[in-house]
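Start from the sequences and build out the full structure, keeping to the hints where you can.
Protein chains: 2
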Amino acid sequence: MIAQTPTPPYYVVIFTSVKNEDDKGYSEMADFMDKLASQQDGFLGIETARNDLGITVSYWRDADAIKKWKAHTDHQMAQKKGKTDWYKQYKVRIAKVERDYDFGL
Amino acid sequence: MIAQTPTPPYYVVIFTSVKNEDDKGYSEMADFMDKLASQQDGFLGIETARNDLGITVSYWRDADAIKKWKAHTDHQMAQKKGKTDWYKQYKVRIAKVERDYDFGL
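Each protein sequence line maps, in turn, to chains X and C. Counting along the first sequence from 1, when you hit position 71 you're at 71 in UniProt numbering, and nothing is skipped either side. Counting along the second sequence from 1, when you hit position 63 you're at 63 in UniProt numbering, and nothing is skipped either side.
To be clear, the hints were calculated from the coordinates, so they are not data collected in a lab. Source: prediction; values computed, not measured.
The list treats identical chains as one, so a pair stands whether inside a single copy or across any two.
Straight-line C-alpha distance at most 20 angstroms; calculated EDC-like pairs for lysine to aspartate or glutamate: (1) LYS81 x GLU21; (2) LYS96 x GLU47; (3) LYS24 x ASP34; (4) LYS81 x ASP102; (5) LYS83 x ASP102; (6) LYS68 x ASP102; (7) LYS67 x ASP100; (8) LYS83 x ASP22.
Written out as structure tokens, the structure reads:
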């Protein structure tokens with residue numbers, strides 16, 4: 001649920017998306033990508049929620065780990081299919097987490 | 001839907017939460033806080049999605065704008081009520097957006 005992340009600083013990728021109505025094959029690919037991401041060096045955690053808008057937030061040790069994950073062969077293929085088949089629009093933001101705090105964790 | 005944000009750098013608050021089952025009054029307060037946030041100096045945009053996990057991402061001009069919003073009287077009251085009435089757990093992460101890119105926007 002809420003990702004357990006180390007003391008900052010660390011990095012985050014905020015992926016916000018709107019899908020096409022026909023999203024055949026999407027959920028299988030999304031599950032596969034979540035699993036694959038979690039196996040990458042520097043992966044710290046992932047959180048996701050979707051209504052009309054989908055938000056996936058993944059946490060990484062550093063910017064280099066994010067760069068390597070973006071360039072991963074299977075992920076590249078998924079990114080291409082995302083553009084042709086599934087997403088109407090999306091935005092990716094890469095940010096450095098400077099501080100955090102929590103309640104009830 | 002997807003927030004229109006300026007060229008980086010800018011700041012982001014990632015608020016991830018799990019609510020209690022009884023969340024009476026929550027959605028009215030959430031709507032009010034969204035509206036109030038959007039009227040603050042330095043506010044750039046907000047994106048939100050909720051399933052079991054809720055993710056709200058708000059964008060800000062700088063860290064000082066975030067600090068002022070956190071200290072806003074009405075927001076302080078909502079934060080207190082959030083802890084006593086609505087949230088089982090939450091995590092807040094403050095990060096500096098270094099770069100972004102998009103598709104279909």
